[in-house]
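Asker: All chains, please: the whole structure from these sequences, using the hints.
If you want my numbering, it's the 1-based position in the sequence shown plus 233.
These aren't lab readings, by the way, just hints derived from the structure by calculation. Don't take every hint at face value.
Each computed EDC-like pair below joins lysine to aspartate or glutamate, with the alpha-carbon atoms no more than 16 Å apart [as the list claims (entries may be wrong)]:
{"no.": "1", "residue 1": "440", "residue 2": "405"}
{"no.": "2", "residue 1": "530", "residue 2": "554"}
{"no.": "3", "residue 1": "348", "residue 2": "388"}
Here the structure is a predicted model, which is why all the values come from computation and not from measurement.
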Amino acid sequence: MARNRNVTIREVARAANVSVSTVSRVLNNKGDVAQETYERVRAVIEELGYTSSLAARSMRSRRTGVIGLIMPDVEDPYAFQIMRGINRAIAQYGYDLILYTSGSTKKVSPPEREKRYVSLLDSITDGVLIVTPATTTFPTSSPVVVIDPNIDEPECHAVIATNYAGALAVMDYLIGLGHRRIGFIGGRPELKSAIQRLQGYQDGLRKAGIPLDPDLIQNGDYTQEAGFVGAQRLLRLPNPPTAIFAANDQTAFGVIQAARQMGLEVPRDLSVVGFDNLPETAYFNPPLTTVDQSIDKMGYVATEILIGLIRGESPNGLLYEIPTRLIIRESCRSLL
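Answerer: Written as structure tokens, this is what we have:
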């Protein structure tokens, strides 16, 4: 077989029919690998020429040139945009990427999976990126940067949008259109972003002198399903809202779906605003008014910070904020 200096650790694992962590144990001469497996992995490493690239580089510099990434679900549109920014950065700086998804299963909760994946990545990567973490403590000696951190901020660097300012901009816009009955469907309650967006909603009402009505607030989890259910509850109120602020675009899609199912038209009967500015919002029917938080930039900046930490640099402060801006499209109408 031809030797290839660009071979990855995943290719070695696939060729040897073992896990990536087993390849790592062999490379680091751990004693917990069966002799037969050890010899098979070493043979594949030699055959593919992997020793001359990643393994040798690691032995010379104590670095692997690999970054680990843990995210809930690669099919999630938000996570996909984050990954675009990460891919752009690792290509620019010459790193490889190992990806784990931490979506929930019936056997293991997401926090336990996150911790297990961080532990596995500790020996085979130079640092780890974690998107919307479910936990706050990470079992690793390597640098960690989180994107959209937990409420109880971990003692590591984090990247987040200016969620509060973005939510205030939404409320100023809707109130300026004459809306006074404004519903809100929240995000994952353990995330700082969800708390900040809710606070912006509440303070926007307070600033305009509009009493806060608890019936107009629905819990959510940043999913389309939560938007659908929450909107149904809001629209069935004796005095339903004339506008709904959804904590993210996926939730807003669910709101519009529910409104249509109930015979309502957006924006004629209901104004809707999201948060994220996913690419599909510009082509939705109607095009969705939303808050742009430069999602791909969040991934890019987080990767830059992590690479800086790997190289021994010390970024200023633990929290880096990405500015937001309101994108006005056709999903809202004026009541004035």
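Asker: The structure should be examined with respect to each hint, and the outcome stated for every one.
Answerer: Structure-based check of all given hints:
{"no.": "1", "hint": "440 - 405", "in the structure": "holds, 9 Å"}
{"no.": "2", "hint": "530 - 554", "in the structure": "holds, 11 Å"}
{"no.": "3", "hint": "348 - 388", "in the structure": "holds, 15 Å"}
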